[in-house]
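Residue strings, one per chain:
2 protein chains.
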Amino acid sequence: MLAITILGNNSAIPAFGRNPTAQLLQTQDASFLIDCGEGTQNQISKYKLRRSKISHIFISHLHGDHYFGLIGLLTSMSLLSRTQELHLFGPAKLEEIISLHLSVASVTLSYRLYFHALSGEGIIADTGKIEISCFQVQHRIDCWGFLFKEKKKPRSIIPEMVKSYEIPSAFYEQLQNGADYLTKKGTLIANESVTIEAAKPKSYAYCADTIYDPSLAEKIKGVDLVYHETTYLKDLENRAAERFHSTTIQAGEIAKLAGAKKLMIGHFSSKYESLEPFLTETKEVFENTVLAIEGSCYKI
Amino acid sequence: MLAITILGNNSAIPAFGRNPTAQLLQTQDASFLIDCGEGTQNQISKYKLRRSKISHIFISHLHGDHYFGLIGLLTSMSLLSRTQELHLFGPAKLEEIISLHLSVASVTLSYRLYFHALSGEGIIADTGKIEISCFQVQHRIDCWGFLFKEKKKPRSIIPEMVKSYEIPSAFYEQLQNGADYLTKKGTLIANESVTIEAAKPKSYAYCADTIYDPSLAEKIKGVDLVYHETTYLKDLENRAAERFHSTTIQAGEIAKLAGAKKLMIGHFSSKYESLEPFLTETKEVFENTVLAIEGSCYKI
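Keeping their order, the protein sequence lines are chains Z and Y. All letters in the first sequence, in the order written, are residues 0 to 299 by numbering that gives the first Met the number 0. All letters in the second sequence, in the order written, are residues 0 to 299 by numbering that gives the first Met the number 0.
Pulled out of the complex, with its shape left as it was, chain Z reads as follows (with noise of 0.2 Å):
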């Protein structure tokens, strides 16, 4: 199970009511929080969301609307005693920003925050059901999207087969991984006939703030849902580039040549208080589109 949650959706300044940028992306363990702008921590209260279920953090860069809200949610943890150990990722300085705020404050938070610093494309955690790695998108300064991708789950075991022909059930793992039973007396048990196939591994796709980019498409190629920033609509497409932000028709590209099966937009501009015409816009190049609504959770 993969559900994201919305908290914000703005770009840089807060407009209409909408927060600047942060997605909650729960799992069935564990929930990951995806940048974390100014309120994000008020922004979980409000939609009731639990805070001590965040065991990752991931910031994909340094622009205020994506991580002004980190150091007060940091220290709210620590506020409400948090003891489970919380694993953060973002760009190399961030590390410097928290620690310089935490030491003016001498605040020591009450649980451990480890710092991984984004160097490099590649995996960057595995939770045991859930891999993460991280890619390079292009933004005015150094910029990070995110994939997560559940691994493949074991086949479920039919209770009432294996019972029928006697399977012993230290045999259970390699019947989860798709192994055939051999019985004593020769019987070969095929594994479809005691086991059922696990529900397809998701994905989504975090791509953050870029300009258009085909590469990009590679790096998510297949994911079930994509999130693609939409911070103008198709009119501004040569502000867009001047930015280094993308339109909407430029996201339903994207999503098009990634062959995503869903994209989901955001990170609309101040300029525009109705978001329909996004949608629109997008839906003429990329048909199953969703707009990143506040307080809204998208099943994956």
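Check before you lean on any hint, since a few could be wrong.
Identical chains share a label here; the pair holds if one copy fits it or two copies do between them.
Simulated pairs of lysine to any residue, SDA-like, Cα-Cα distance not exceeding 25 Å [stated by the list, open to error]:
no., residue 1, residue 2
1, LYS148, ILE292
2, LYS184, ALA14
3, LYS270, SER77
4, LYS184, ILE97
5, LYS261, THR82
6, LYS270, ASN237
7, LYS220, GLY127
8, LYS47, PHE134
9, LYS45, GLU272
10, LYS52, TYR297
11, LYS150, PRO200
12, LYS270, THR107
13, LYS270, SER80
14, LYS282, ALA216
15, LYS270, SER44
16, LYS298, ARG238
17, LYS45, GLN135
18, LYS270, THR82
19, LYS218, HIS115
20, LYS270, TYR110
21, LYS47, GLY16
22, LYS152, LYS162
23, LYS92, ILE299
24, LYS47, ALA14
25, LYS52, ALA14
26, LYS261, THR107
27, LYS270, LEU108
28, LYS282, LEU78
Derived from the structure by calculation, the hints contain no laboratory data.
Got chain Z sorted already, so can you dock chain Y onto it with the hints?
Frame of chain Z, contents of chain Y only:
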């Protein structure tokens, strides 16, 4: 005219919809922001206050609930193309924090930010109409209170009277400063007969986060309105002392000792949902007390 609008009245962790500390002191020509907890820029928008009017920002100390919203506000002002200079007062380390945040984002502010490190008690700013001084308070880390005093205002000329005595306009400024006028015929026109006394200058003291400290009263003697924290109710006097905070009774004592005309209490602990007991208890000691309620504006 002095008026204080409360943007946040909670301590440490946001709770019950209450935000961390921030107050906006409005004067005839400019606004002063006092502390700037996370989300202050949203509170400013929510209550339809003009951030462009803010000329000075005062940060009492570097605990997050008093300044985590500052960097977001400063950068938003820049994104909105502010040009007028801004004066920021706070503990010395604040400058390093701001510089680091700006440098990692490769941001140059659109306006001049003058940073003034607080190092000793005394006058730190004088806008011509308001004189601002700082004083040390006793907290876990370096912490400052601020005293805002309107300067003595010139007397107002009574137009029909100066006309009837044929006093030349070149003498008006001296009249406003209280001088009598000697006519060419040698008659002395008493100042009181041609001018009216201006409204009495008002003052506001912001005592930040502090342990109960009677010596504080001396520093704010006779103030019109004093803001004193009441993190805890009276039964938690020991906890308050341990954490360098104050109770309701203690805030009332300080207001009484200082001979303040009015007391405003705030910085309520997240453990309390209802604020009414704070008011009831403080009034046991100092009757003219109000709660700092978010969004409320108190004229001084």
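| said: Hint by hint, where does the structure go against what was stated? Just the numbers, ascending. | reply: Numbers 2, 4, 5, 8, 16, 17, 23, 26, 28, in rising order.
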